[in-house]
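Model the full structure from these sequences, guided by the hints.
Sequence order for the protein chains is A and B.
Note that the working numbering has the first sequence beginning at 28, numbered continuously upward.
Note that the working numbering has the second sequence beginning at 1223, numbered continuously upward.
Careful: at least some of the hints might be erroneous.
Unchecked claim - To give a feel for the contact side, a few chain A residues facing chain B, derived at Cβ under 10 Å: (1) Thr33; (2) Gln36; (3) Ser171; (4) Val200; (5) Ile201; (6) His203; (7) Leu204; (8) Arg315; (9) Val317; (10) Ala319; (11) Lys322; (12) Leu391.
Hints were generated in silico from the structure; no laboratory data involved.
Built from N, CA and C at the ideal position, the CB exists for glycine as well.
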Amino acid sequence: MSNKITLMQGNEACVQGALYAGYRFYAGYPITPSTEIAELSATELPKVGGKFIQMEDEIGGIAAAIGASIAGTKSMTATSGPGFSLKQENIGYAAMAQIPLVIVNVMRGGPSTGLPTQSAQADIMQAKYGSHGDYPMIALSPMSVRETFDLTVRCFNLAEKYRTPVMLMTDEVIGHLRERVVVPEPGELEIINRTTSEAGVLRPRPYEKQPGEIVPAMSVFGDGNRAHTTGLFYNETGFPSNSTDNAKIMLERIFNKVYDNVDDIVQVEEFELDDAEIAFVTFGSTSRVVKAAVKALRAEGIKAGMLRAITIWPSPEKQIRELAQKVDHIIVAEQNMGQYVREVQRIVEGQARVQHYGRGNGDLIKPQELVALVKEVEHGTK
Amino acid sequence: MKQLELRLTGSGGQGVIMLGVILAEAAIKKGHFAIQSQSYGPEARGGASKCEVIIGSETIDYPKVQQPTLLLALTQIAADKYAQNLPQDAVLIIDDSIELINDPGTENIYRLPILVTARDVVRKELTANIVSLAAINQILGLFSKEELLEAVLQRVPKGTEILNQRAVEAGIELVQNHVG
Chain A
28 MSNKITLMQG NEACVQGALY AGYRFYAGYP ITPSTEIAEL SATELPKVGG KFIQMEDEIG
88 GIAAAIGASI AGTKSMTATS GPGFSLKQEN IGYAAMAQIP LVIVNVMRGG PSTGLPTQSA
148 QADIMQAKYG SHGDYPMIAL SPMSVRETFD LTVRCFNLAE KYRTPVMLMT DEVIGHLRER
208 VVVPEPGELE IINRTTSEAG VLRPRPYEKQ PGEIVPAMSV FGDGNRAHTT GLFYNETGFP
268 SNSTDNAKIM LERIFNKVYD NVDDIVQVEE FELDDAEIAF VTFGSTSRVV KAAVKALRAE
328 GIKAGMLRAI TIWPSPEKQI RELAQKVDHI IVAEQNMGQY VREVQRIVEG QARVQHYGRG
388 NGDLIKPQEL VALVKEVEHG TK
Chain B
1223 MKQLELRLTG SGGQGVIMLG VILAEAAIKK GHFAIQSQSY GPEARGGASK CEVIIGSETI
1283 DYPKVQQPTL LLALTQIAAD KYAQNLPQDA VLIIDDSIEL INDPGTENIY RLPILVTARD
1343 VVRKELTANI VSLAAINQIL GLFSKEELLE AVLQRVPKGT EILNQRAVEA GIELVQNHVG
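Given below as structure tokens:
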């Protein structure tokens, strides 16, 4: 059987990917350029027995999505710009309470209400550090419409596997782009569902990890199991504990479930890196610019390459460190005033020169700009 | 096949985005690679609207138009903004109500009565995008008339099939009757 080939929009691919993964609940508040995700969810979820709620604001949106997830439903909320700021408190709550959830941010120009209809990649650090306190974050960034589908599926898989909120950090360029997509057949992509406790079997310690578990099986709220959820530090009963010894254990659990499994979570794409002398590090829509630039540079005999972070958080530390051993110069291209470049600099530790290229005015970088920049670097003028 | 870059401009509500979607869908149906993107202001009606379509025989990396193969401008504001510095061999299609205030950079200009044709011949102003689509296809020779009609009918609302078919015919005639 041959796959269906169709013209699909990025935001539509997000919803189709979510449905493919078994998504059944959306709550949110529409905002450009993410609105199509809410619109399509509103028409499609009822058809599969799911629920769509437009809440009073973005805070209510993520809160309702968290509630639905606790009740055992694969849930998602989507937003842009100021809406992402509003969701931050509850992102920390989901991380703390270990609730699987997919948060989509179709990034637009900021700060504040900024440029509603123009693209940016300026919420990259907020994705990791936007809520207060220490918590890990998993965030993926697609460069195409088909990849938006695939990574949305993967966001759900990682959220369910690690009992944690996961972000799809896309942007206006990819969210609004319509592109030829080969639609995956059912069964073609892996689907992971959370481990839940057996209905009716009372567990006195629902947050106790059993041997072989990455995270404790989740109680489904309302099926008769003990289930207590709180944003306070809790012990294995699920009830609040003020013990610093307990807080140490629980915080390490929340961190280690992600950082002990970095090899499972982190994905990168390497393009023309084998003999590269100068490399770009990039992610999301800017990768398309970089790819075009690398092809143009290669056509002129200049050995450029690209390392694309598909998983932006946790960052691909191992791959970036290896890259710094191989090339002398790294250009971090991103649609902002300089964010991920700081993460790359931290990882590279001076092993290569790291330079930022980007801007935050909504104007997508052009391949010729990067070609010119590389030539300046080669001639020692930059 | 050389990569084709089309920029379709007008005012919000004129349907240039739909025009681009239909073009891209027809291209994909034919086995090409195609992408469509848009830019617009916060308004639902009025304001400037720009839709871009790139069609090629391989994966398209950079998603925006850089060297337009063709520019369509349906309003004076759109023409003032986009009908300049075009590549020498670019096709420029403008509604005949428009005065070119800038040097477009190309002499390959089709000044066509698109809006009047939609209003008086097809008898529905809203079909200006489909009239334009047929004119574009007639000039570039991308698809057969049947392929084009199939793509149009797949997208337009039910009950408007005959109207849109008339719009396609009218667009083809505009180009056939065009005296350069």
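Against the structure, the hints:
1. About 7 Å separates the beta-carbon of Thr33(A) from the nearest beta-carbon of chain B, less than 10 Å, and the hint is met.
2. Hint status for Gln36(A) relative to chain B: holds, with the closest Cβ pair at about 9 Å, below 10 Å.
3. For Ser171(A), the interface hint holds, the least distance from its beta-carbon to any beta-carbon of chain B being 9 Å, beneath 10 Å.
4. With a cut of 10 Å, the hint placing Val200(A) at the interface with chain B holds, because the nearest CB-to-CB distance is about 6 Å.
5. Checking Ile201(A) against chain B by beta carbon gives a least distance of about 8 Å; that is within 10 Å, so the hint holds.
6. The closest approach between the C-beta of His203(A) and any C-beta of chain B is roughly 6 Å, which is under the 10 Å cut-off, so the hint is satisfied.
7. Interface hint at Leu204(A): satisfied, since its Cβ lies 5 Å from the closest Cβ of chain B, which is below the 10 Å cut-off.
8. At a threshold of 10 Å, the smallest CB-CB gap from Arg315(A) to chain B is about 5 Å, leaving the interface hint in force.
9. At a threshold of 10 Å, the smallest CB-CB gap from Val317(A) to chain B is about 9 Å, leaving the interface hint in force.
10. Evaluation of the Ala319(A) hint against chain B yields a held restraint, the C-beta minimum of about 4 Å falling below 10 Å.
11. Checking Lys322(A) against chain B by beta carbon gives a least distance of about 7 Å; that is within 10 Å, so the hint holds.
12. This hint holds: Leu391(A) has a C-beta 6 Å from the nearest C-beta of chain B, less than the 10 Å allowed.
Checked against the numbered hints given earlier, this structure breaks none of them.
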